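A.B. asks: The primary structure of each chain is shown beneath.
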Amino acid sequence: MGLDLDLDLKRFRYARAETDVLQDIKINIRPGTVTAISGDSGSGKSTLGAILGGILPRTGLDQFEGAITVGGKHIAFSENESPRIDPSGWAQHIAFLPQDANDYLSGIRETVAEEMAFSLENRGVPRKDILTRIRAVADMLDIKHLLAQYAGTLSGGQTRIVALGALMVDNPQVLVLDEPLAGLDKNAQNMVLSAIQQLKLLGKAIVVITRNYVHGADLVDEVLKLEDGELSRFERKSLPSNQESNLDKKPAQLTGRNCSRVLLEFAGTNLGYQPSAPQIVSGFNLKIHAGECVALLGPNGIGKTTILKAAAGLLKPTTGKIRTSTFPGLLLQNPNDQLIERTVFKEVGYGLRPGTESRRQVAEVLDRLDLRGKAEMHPYELSISERKLVALASVLVHEPEILLLDEPTEGLDENAIGVLREILDVCTSKGHGVLFTSHDDSFVAHAANRTVQLNAVENAR
Amino acid sequence: MDRFQRLHPFTVLAVAAAVVTTTTAAGRWWLSCTVLACALIVAWSVGKSVKLVGLSSAIVLPTFASQLMIHGLASNGKFGLTQVGLQTAAELGLRTAVLVVVGLLCALIVDRHQLVAAIDLSKAPAQLGYLVAATLLLIPQLADRQRAISEAQMLRQVKFRRGPRGWFQKIRLQAVPLVLSTLEESANRAPHLAARGFPAAQSVTRLREIPDSKAQRGIRRVSGLCALLLPALLLVPNWMDFA
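Quick note, the sequences are listed as chains A and C, same order.
Counting in numbering that gives the first Met the number 0, the first sequence runs from 0 upward without gaps.
Counting in numbering that gives the first Met the number 0, the second sequence runs from 0 upward without gaps.
It should be emphasised that the hints constitute simulated quantities derived from the structure, not laboratory data.
Treat the hints loosely; a few may be bogus.
DSBU-like cross-link-like pairs, simulated, lysine-lysine; straight-line CA separation at most 30 Å [to be verified]:
1. Lys345(A) x Lys224(A)
2. Lys122(C) x Lys373(A)
3. Lys213(C) x Lys315(A)
4. Lys47(C) x Lys345(A)
5. Lys345(A) x Lys286(A)
6. Lys308(A) x Lys158(C)
7. Lys143(A) x Lys308(A)
8. Lys315(A) x Lys50(C)
9. Lys50(C) x Lys373(A)
10. Lys224(A) x Lys199(A)
11. Lys373(A) x Lys345(A)
12. Lys315(A) x Lys47(C)
13. Lys50(C) x Lys169(C)
14. Lys315(A) x Lys373(A)
15. Lys158(C) x Lys286(A)
16. Lys169(C) x Lys429(A)
17. Lys169(C) x Lys158(C)
18. Lys315(A) x Lys158(C)
19. Lys345(A) x Lys308(A)
20. Lys158(C) x Lys320(A)
21. Lys50(C) x Lys122(C)
22. Lys169(C) x Lys308(A)
23. Lys72(A) x Lys185(A)
24. Lys308(A) x Lys50(C)
25. Lys127(A) x Lys158(C)
26. Lys25(A) x Lys320(A)
27. Lys224(A) x Lys143(A)
28. Lys72(A) x Lys224(A)
29. Lys308(A) x Lys320(A)
30. Lys345(A) x Lys213(C)
31. Lys127(A) x Lys50(C)
Stretch-level coverage of chain C by chain A, calculated; a stretch enters the list once three of its residues show a Cβ under 8 Å from a Cβ in chain A [claimed, not checked]:
32. 47 to 58
33. 83 to 91
34. 101 to 107
35. 191 to 198
36. 224 to 235
Predicted model only: the values in this text are computed from it and were never measured.
Here a beta-carbon is modelled for each residue, glycine too, at the ideal position from N, C-alpha and C.
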């Protein structure tokens with residue numbers, strides 16, 4: 000039996016905010032359908048997802064006027080009336096996967112299987128039933144090989160698919176998924192889309208929140224677009240179809256003697272986090288020349304992030320060598336790992352010598368990334384896309400000759416990706432080198448002059 | 000999996016409790032030394048002897064030093080080394096050492112995930128498992144967070160001085176982001192934990208299986224009785240004499 004979910008939202012405003020994030024939104028979610036909600040960064044789509052998922056409004060804090068009807072039960076919210084929703088009871092019917100999948104995982108279970116079992120354990124489901132459900136979901140998502148792995152060592156993409164698995168194990172009727180394909184490799188994307196297809200056939204309702212719903216467009220029944228907190232409907236035909244991006248490389252921008260200068264070199268490098276544990280990367284060789292933009296490709300968990308961290312000096316090779324001509328700048332996959340200051344301005348200027356010159360440099364970088372208006376905000380008040388840009392600004396302000404970017408487009412909207420492309424063009428035209436990891440074929444096709452494919456058998460090809 | 004992973008965590012803790020209470024009540028130097036030696040052998044057998052010695056020294060040596068100051072060097076208002084003072088300091092120091100070394104040994108050989116699962120599966124209130132999990136897993140999570148902050152600072156080319164001044168500088172520059180990011184992470188994770196039924200109000204089940212047997216249950220019962228009765232048997236005659 001499926002579950003109908005209707006939202007009639009008059010307005011929603013976060014605690015202490017001066018304006019409404021969402022206004023006049025009506026959504027009807029029917030069993031056996033896939034609804035895509037798209038929109039740019041800051042449009043309010045994650046907020047809308049959290050409302051559907053029962054995470055918002057926070058009782059006594061946020062202002063929410065409207066009503067939610069679940070399976071015929073009407074729950075009205077107004078200025079005077081804000082009923083408290085039991086999050087556990089709600090999640091058994093309507094589950095929400097946040098954009099930062101780390102937030103969904105408990106962080107207190109040792110293995111992936113235990114992490115997936117977490118909610119069933121808390122509800123007292125017998126062990127035998129837990130095992131059956133985990134195996135079924137692991138089969139569906141092709142993550143059986145991860146079940147015994149330590150949950151704290153998952154890559155960004157693996158974390159997302161495990162979090163989705165943990166959510167599916169609970170068997171909710173409505174699944175609200177915020178950027179479920181972000182950071183996933185091709186195989187994982189196909190497995191998730193196939194799982195969505197199967198869930199749809201089982202009569203589940205799926206809401207996919209995305210900046211650009213290209214992958215799996217065929218599955219979508221309705222497309223909703225959020226702009227400035229207001230919703231408009233689109234025909235499914237309006238979605239761009241799945242197109243394999245042309246990975247023909249654009250030529251390197253520098254020519255002559257300068258472009259032969261090697262900025263970064265890996266020579267027979269083995270990398271691992273513990274000397275006693277198996278190596279994550281073995282015998283890796285790579286040279287990045289001046290003016291080159293190289294994309295490092297490969298499935299989730301293959302060691303792409305490890306290579307970037309080693310290039311930035313955060314990890315020493317167990318054998319082999321890493322040579323760099325200068326101190327590289329690294330943008331991490333999760334911007335939250337890179338933000339440590341109390342305002343955007345201080346964040347970007349962190350590590351620079353205090354003075355007028357530093358302030359000028361910070362202001363210039365903030366202008367380039369269109370973040371000037373956010374300078375006095377706390378980084379945690381920003382959307383994921385904006386946080387990523389702030390983290391990028393904190394790297395660019397040091398003007399690194401080697402720029403290392405880990406999944407730079409993950410969580411960014413189209414405008415921000417455009418800005419990122421311009422920045423990479425400027426870097427390479429100045430003779431700087433860029434090495435980035437990505438599962439975004441379109442971005443790779445536009446930005447990289449060379450790709451390096453990692454695979455499980457031999458790490459570098 | 001080492002041999003202690005095959006034991007129920009409560010078995011290890013019950014035996015440790017019996018050993019500590021009995022040794023402390025007995026107050027015999029040779030018994031304390033035997034227990035300490037046994038603890039070192041156990042630690043060596045699982046490859047944790049260096050860690051045990053290092054951690055124990057950090058606690059036991061200052062304790063011995065303070066006992067020596069109180070009883071050995073400055074007893075009866077005079078400043079001087081006496082045999083009685085030394086003996087008292089050594090006895091009290093050894094008792095503390097048994098508690099510290101056996102306690103640390105338990106911390107090193109009992110897997111924290113096994114312990115939390117054992118509590119969850121026991122008849123203890125569900126909230127106890129939550130409290131133990133929160134306590135035992137907080138420090139590793141803070142350590143991960145601190146590592147991430149340290150990496151973020153290294154990426155900004157922030158360099159710390161060597162020595163104690165550098166250490167204090169590092170603490171100062173990492174403390175605020177550590178607290179703020181931990182609070183932010185907790186705030187973000189809390190609604191999802193609640194949605195996943197945590198902390199549970201009723202008894203929970205666990206996917207993890209904790210090894211147990213009739214023999215282990217017997218050992219636990221005997222150890223529990225020993226922990227209560229042996230100290231009583233050893234101490235009551237002394238109290239009678241005192242009375």
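A.B. asks: State for each hint whether it applies.
C.D. replies: Checked hints:
Between the alpha carbons of Lys345(A) and Lys224(A) the distance comes to roughly 34 Å, so the proposed pair goes past 30 Å and is violated. Distance check on the hinted pair: Lys122(C) and Lys373(A) sit about 53 Å apart at the alpha-carbon level, beyond 30 Å; violated. Simply put, Lys213(C) and Lys315(A) have alpha-carbon atoms about 49 Å apart, too far for the 30 Å limit, and the pair is violated. Proximity of Lys47(C) to Lys345(A) is assessed by CA-CA distance (about 44 Å); at most 30 Å being required, the pair is judged violated.
Proposed proximity of Lys345(A) and Lys286(A) is contradicted: the alpha carbons are some 34 Å apart, above 30 Å. Distance hint between Lys308(A) and Lys158(C) is fulfilled; the C-alpha atoms sit about 18 Å from each other, no more than 30 Å. For the hint pairing Lys143(A) with Lys308(A), the CA-to-CA distance comes to about 28 Å; that is within 30 Å, so the pair holds. Only pairs whose Cα atoms come within 30 Å are accepted, and Lys315(A) paired with Lys50(C) is accepted, the gap being roughly 24 Å.
Straight-line distance between C-alpha atoms of Lys50(C) and Lys373(A) comes to about 48 Å, which puts the hinted pair past the 30 Å bound. The hinted pair formed by Lys224(A) and Lys199(A) meets the criterion: a straight-line CA distance of about 21 Å does not exceed 30 Å. Between Lys373(A) and Lys345(A) the alpha-carbon distance is near 11 Å, which keeps this suggested pair within the 30 Å criterion. For the hint linking Lys315(A) to Lys47(C), the alpha-carbon distance of about 25 Å falls within 30 Å, and the restraint holds.
About 25 Å separates the Cα atoms of Lys50(C) and Lys169(C), which keeps this hinted pair within 30 Å; it holds. Of the pairs offered as hints, the one joining Lys315(A) and Lys373(A) is violated, with about 36 Å between alpha carbons and a cut-off of 30 Å exceeded. Of the pairs offered as hints, the one joining Lys158(C) and Lys286(A) holds, with about 28 Å between alpha carbons and a cut-off of 30 Å not exceeded. A threshold of 30 Å between alpha carbons decides the hint, and for Lys169(C) with Lys429(A) the separation of about 35 Å lies outside it, so the pair is violated.
A threshold of 30 Å between alpha carbons decides the hint, and for Lys169(C) with Lys158(C) the separation of about 9 Å falls inside it, so the pair holds. Note on Lys315(A) and Lys158(C): the hinted pairing holds, with a Cα-Cα distance of about 18 Å set against a maximum of 30 Å. Restraint check for Lys345(A) and Lys308(A): satisfied, since their Cα atoms lie roughly 24 Å apart, inside the 30 Å limit. The hinted pair formed by Lys158(C) and Lys320(A) meets the criterion: a straight-line CA distance of about 23 Å does not exceed 30 Å.
Restraint check: the Cα-Cα separation between Lys50(C) and Lys122(C) comes to about 33 Å, which exceeds 30 Å; the hinted pair is violated. Between the alpha carbons of Lys169(C) and Lys308(A) the distance comes to roughly 21 Å, so the proposed pair stays at or under 30 Å and holds. Our distance criterion of 30 Å between C-alpha atoms is broken by Lys72(A) and Lys185(A), whose separation comes to about 40 Å. Using a Cα cut-off of 30 Å, the hinted pair Lys308(A) and Lys50(C) holds, with the two alpha carbons roughly 29 Å apart.
Between Lys127(A) and Lys158(C) the alpha-carbon distance is near 53 Å, which puts this suggested pair outside the 30 Å criterion. Simply put, Lys25(A) and Lys320(A) have alpha-carbon atoms about 58 Å apart, too far for the 30 Å limit, and the pair is violated. Using a Cα cut-off of 30 Å, the hinted pair Lys224(A) and Lys143(A) is violated, with the two alpha carbons roughly 36 Å apart. Using a Cα cut-off of 30 Å, the hinted pair Lys72(A) and Lys224(A) holds, with the two alpha carbons roughly 27 Å apart.
Distance restraint check for Lys308(A) and Lys320(A): the Cα-Cα separation of roughly 14 Å lies within the 30 Å cut-off, and the hinted pair is therefore satisfied. Taking the CA atoms of Lys345(A) and Lys213(C), the gap is near 62 Å; set against the 30 Å cutoff, the hint is violated. Straight-line distance between C-alpha atoms of Lys127(A) and Lys50(C) comes to about 39 Å, which puts the hinted pair past the 30 Å bound. As drawn, the region 47 to 58 of chain C meets chain A at 0 residues by the rule of a beta-carbon pair under 8 Å; below three, the given contact is violated.
Figure legend: the region 83 to 91 of chain C, annotated as covered by chain A; annotation inconsistent (0 residues with Cβ-Cβ distances under 8 Å, at least 3 required). For the region 101 to 107 of chain C, the stated coverage by chain A is violated: 0 residues have a C-beta nearer than 8 Å to a C-beta of that chain, whereas at least 3 were required. Only residues whose beta carbon comes within less than 8 Å of a beta carbon in chain A count, and the region 191 to 198 of chain C has 8; three or more means the coverage holds. With 0 residues having a beta carbon nearer than 8 Å to a beta carbon of chain A, the region 224 to 235 of chain C misses the requirement of three or more and the stated coverage is violated.
The structure does not agree with the numbered hints 1, 2, 3, 4, 5, 9, 14, 16, 21, 23, 25, 26, 27, 30, 31, 32, 33, 34 and 36 stated previously, though it agrees with the rest.
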